[in-house]
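Line order of the protein sequences matches chains Z and Y.
Number 237 in the working numbering belongs to position 237 of the first sequence; there are no gaps in the numbering.
In short: position in the second sequence from 1, add 343, done, that's the working numbering.
None of these hints come from the bench; they were simulated from the model.
Keep in mind that a hint or two might mislead.
Some chain Z residues flagged as far from chain Y (calculated, every beta-carbon gap over 12 Å) [what the hints assert, rightly or not]:
| hint | residue |
| --- | --- |
| 1 | A120 |
| 2 | R190 |
| 3 | L303 |
Which residues of chain Y face chain Z? A few of them, derived with a C-beta cut under 8 Å, are [said to hold, decoys possible]:
| hint | residue |
| --- | --- |
| 4 | L372 |
| 5 | M440 |
| 6 | A591 |
| 7 | P649 |
From the three backbone atoms N, C-alpha and C, an ideal C-beta is built for every residue, glycine too.
Protein chains: 2
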Amino acid sequence: MAHIITCYNCRVKISETGEFGLIERLRTLIEADKAVSGPHLILGAGDDAAAWRSDAAVNLATVDCLIQDIHFKIEKISWRELGWKALAVSLSDIAAMGGVPKYALFSLAFPEETDIEDIAELYKGILELAGRFDVKIIGGNISRAPLVFIDSIVYGIASKPDIMLTRSAARPGEEIAVTGYLGAAAGGLRIIENNMSLADCINNPLLKAFNTPLPRIREGQKLAAEGIKCAMDISDGLVADLGHICEASRVSAIINIDNVPVHPAIKKAFGNDALDMAISGGEDYELLFTAGHDIMESIKKQLDCPLTVIGKIVAGDEHRVSLSDNAGKAYTPSAKGWNHFGK
Amino acid sequence: MAHIITCYNCRVKISETGEFGLIERLRTLIEADKAVSGPHLILGAGDDAAAWRSDAAVNLATVDCLIQDIHFKIEKISWRELGWKALAVSLSDIAAMGGVPKYALFSLAFPEETDIEDIAELYKGILELAGRFDVKIIGGNISRAPLVFIDSIVYGIASKPDIMLTRSAARPGEEIAVTGYLGAAAGGLRIIENNMSLADCINNPLLKAFNTPLPRIREGQKLAAEGIKCAMDISDGLVADLGHICEASRVSAIINIDNVPVHPAIKKAFGNDALDMAISGGEDYELLFTAGHDIMESIKKQLDCPLTVIGKIVAGDEHRVSLSDNAGKAYTPSAKGWNHFGK
Numbered sequence: 001m002a003h004i005i006t007c008y009n010c011r012v013k014i015s016e017t018g019e020f021g022l023i024e025r026l027r028t029l030i031e032a033d034k035a036v037s038g039p040h041l042i043l044g045a046g047d048d049a050a051a052w053r054s055d056a057a058v059n060l061a062t063v064d065c066l067i068q069d070i071h072f073k074i075e076k077i078s079w080r081e082l083g084w085k086a087l088a089v090s091l092s093d094i095a096a097m098g099g100v101p102k103y104a105l106f107s108l109a110f111p112e113e114t115d116i117e118d119i120a121e122l123y124k125g126i127l128e129l130a131g132r133f134d135v136k137i138i139g140g141n142i143s144r145a146p147l148v149f150i151d152s153i154v155y156g157i158a159s160k161p162d163i164m165l166t167r168s169a170a171r172p173g174e175e176i177a178v179t180g181y182l183g184a185a186a187g188g189l190r191i192i193e194n195n196m197s198l199a200d201c202i203n204n205p206l207l208k209a210f211n212t213p214l215p216r217i218r219e220g221q222k223l224a225a226e227g228i229k230c231a232m233d234i235s236d237g238l239v240a241d242l243g244h245i246c247e248a249s250r251v252s253a254i255i256n257i258d259n260v261p262v263h264p265a266i267k268k269a270f271g272n273d274a275l276d277m278a279i280s281g282g283e284d285y286e287l288l289f290t291a292g293h294d295i296m297e298s299i300k301k302q303l304d305c306p307l308t309v310i311g312k313i314v315a316g317d318e319h320r321v322s323l324s325d326n327a328g329k330a331y332t333p334s335a336k337g338w339n340h341f342g343k
Numbered sequence: 344m345a346h347i348i349t350c351y352n353c354r355v356k357i358s359e360t361g362e363f364g365l366i367e368r369l370r371t372l373i374e375a376d377k378a379v380s381g382p383h384l385i386l387g388a389g390d391d392a393a394a395w396r397s398d399a400a401v402n403l404a405t406v407d408c409l410i411q412d413i414h415f416k417i418e419k420i421s422w423r424e425l426g427w428k429a430l431a432v433s434l435s436d437i438a439a440m441g442g443v444p445k446y447a448l449f450s451l452a453f454p455e456e457t458d459i460e461d462i463a464e465l466y467k468g469i470l471e472l473a474g475r476f477d478v479k480i481i482g483g484n485i486s487r488a489p490l491v492f493i494d495s496i497v498y499g500i501a502s503k504p505d506i507m508l509t510r511s512a513a514r515p516g517e518e519i520a521v522t523g524y525l526g527a528a529a530g531g532l533r534i535i536e537n538n539m540s541l542a543d544c545i546n547n548p549l550l551k552a553f554n555t556p557l558p559r560i561r562e563g564q565k566l567a568a569e570g571i572k573c574a575m576d577i578s579d580g581l582v583a584d585l586g587h588i589c590e591a592s593r594v595s596a597i598i599n600i601d602n603v604p605v606h607p608a609i610k611k612a613f614g615n616d617a618l619d620m621a622i623s624g625g626e627d628y629e630l631l632f633t634a635g636h637d638i639m640e641s642i643k644k645q646l647d648c649p650l651t652v653i654g655k656i657v658a659g660d661e662h663r664v665s666l667s668d669n670a671g672k673a674y675t676p677s678a679k680g681w682n683h684f685g686k
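Please work from the sequences and hints to get the whole structure.
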């Protein structure tokens with residue numbers, strides 16, 4: 001293993017220090033943070049595999065990736081935000097299961113000219129979010145590549161055995177609800193695509209929604225504890241993701257568009273487009289779930305975030321999502337699903 | 344979820360069927376194979392996270408990646424071999440811990456023009472190797488990217504609680520040994536870099552060593568059961584990886600180059616270069632381990648593959664690897680460590 005790299009005023013690139021120098025720098029960073037230690041961790045970064053002790057449990061595992069120019073533009077997100085988002089997208093999958101995230105690994109690939117301190121910043125973003133949910137960063141892999149690739153892998157456990165939120169548990173008659181507001185991330189994406197100046201971008205809440213989503217970990221656990229069975233996180237967009245629930249549960253769904261909680265900031269910024277952005281835009285990482293009316297009323301009182309009932313599950317062999325307004329008039333959004341950059 | 348894609352005589356590209364069509368095609372493939380089922384699996388591919396039930400255990404997790412033009416040339420490996428190798432590199436990490444691999448997830452990224460049947464072939468390679476070691480493929484992620492990226496994530500358990508092979512357990516006085524022969528994968532890489540014709544490549548044992556390594560899972564478990572404490576797999580090359588053991592264990596190492604088990608096929612093909620290829624070439628995925636003489640004699644009788652003692656661990660603050668021949672003359676190999684394509 002190479003010696004520890006110290007970077008005070010110098011800026012060191014991967015090509016100068018090599019993979020092992022970089023790993024050592026990151027290991028020092030991770031181990032200085034409380035995020036890596038824990039009573040059950042046996043081996044963290046630095047051996048062939050990470051190792052930890054666990055009791056009998058229902059285990060959860062997920063992986064999600066961020067790829068330069070597909071999921072982000074390197075000049076429109078800080079390295080620290082990129083680290084946060086990389087972990088957030090996988091934590092959100094655990095939230096959507098009602099689970100407790102425990103450990104994370106990262107598989108990273110960077111161009112050789114990448115500055116080591118930028119990668120350290122990325123890890124600081126990872127560690128900041130990990131610290132919020134007591135997640136330990138236990139290892140991973142680093143490679144060269146012509147563009148930035150980040151895979152985040154999160155292991156967790158079901159909050160109680162056999163209590164888990166799945167996509168296949170929606171039943172006709174149940175109400176459909178979402179946490180928070182929708183469309184903010186789509187607003188952030190539009191700002192990025194429109195090449196808004198950096199000055200306009202700083203502290204912009206929509207850009208923040210796109211770059212640093214907060215996974216609904218505690219909300220997911222509350223849903224599971226309350227007896228809710230069906231949930232997923234909104235990553236591809238409300239209509240597309242509700243479509244996934246309909247397919248998996250073999251049901252159909254009706255959304256009342258007048259009840260969709262459109263994010264106030266996109267109403268202000270994008271006027272008439274706001275509703276379609278809330279319906280079709282992805283990456284809000286809010287939870288989408290179904291439950292009977294009584295459970296829905298009960299969970300409303302327990303969540304610290306807004307909960308809005310937006311429609312209902314119905315029987316139907318077509319497994320489709322229908323949209324209509326308060327007057328019962330059918331509605332077709334201008335774009336279905338979520339398009340990443342360049343598609 | 345999109346409908347299931349059927350590809351009989353037609354060739355369908357990702358750009359035509361979309362991500363969900365591809366996922367459905369792969370899910371059908373995986374579920375038709377026994378590799379996905381298992382008594383403890385609760386949720387496989389298709390929900391927000393995979394879920395499985397486990398008893399109390401020491402858990403192991405690792406991730407490793409293959410990136411086009413860094414780790415492989417797409418025209419020099421079949422898709423089926425690529426799938427095999429992607430899983431093999433992570434299984435080898437579990438082997439190096441003496442563990443039992445259980446579950447695997449894949450994070451894949453492909454150019455849009457990639458043929459769906461090629462990706463199905465990749466999965467067939469994954470499933471073929473997974474079947475050998477009873478590993479279940481439980482999910483993952485698929486994205487677009489300008490080049491092929493494959494992250495394989497393997498989750499396993501220690502074969503017995505508190506019995507685990509680490510890099511930090513080498514002690515002065517112990518012998519150093521390797522399984523199998525070294526240098527075959529380096530030979531395969533040289534064949535690829537020399538643009539040997541496809542006809543020459545077919546059934547070439549060196550190319551096979553580079554493209555479809557067999558992880559030493561059972562051997563790793565036997566080492567752990569026999570009381571060996573220190574091991575790793577050779578992915579970066581003998582000298583580089585032994586250097587990692589020296590750093591982690593705070594010891595030094597002496598290798599007798601005349602004892603290094605150079606692969607017979609590279610001796611034949613590359614003559615005088617063969618020794619350096621065996622010493623410095625990576626990706627053989629053999630096990631490198633240390634143990635006292637008596638344990639080493641005992642384990643020799645139990646392994647079905649060759650075991651060769653190549654040197655010994657000594658005290659030393661420099662944590663360095665020294666090479667010498669039978670006559671005690673110091674030796675410096677022509678290249679230290681392992682260089683991927685284009686480096």
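Results for each hint:
1. The claim that A120(Z) lies off the interface holds: its Cβ sits roughly 20 Å from the closest Cβ of chain Y, which is beyond the 12 Å cut-off.
2. Listed as outside the interface, R190(Z) is consistent with that label: its C-beta sits roughly 20 Å from the nearest C-beta of chain Y, beyond the 12 Å cut-off.
3. The beta carbon of L303(Z) sits about 19 Å from the closest Cβ of chain Y, which is more than 12 Å, so the claim that it is off the interface holds.
4. Interface hint at L372(Y): violated, since its Cβ lies 18 Å from the closest Cβ of chain Z, which is beyond the 8 Å cut-off.
5. A distance limit of 8 Å between C-beta atoms decides the matter here; for M440(Y) the minimum to chain Z is near 5 Å, and the interface restraint holds.
6. The beta carbon of A591(Y) is positioned within 8 Å of a beta carbon in chain Z (closest approach about 7 Å), and the interface hint is therefore held.
7. Here the hint on P649(Y) is broken, as its CB sits about 21 Å from the closest CB of chain Z, past 8 Å.
The earlier numbered hints that this structure contradicts are 4, 7.
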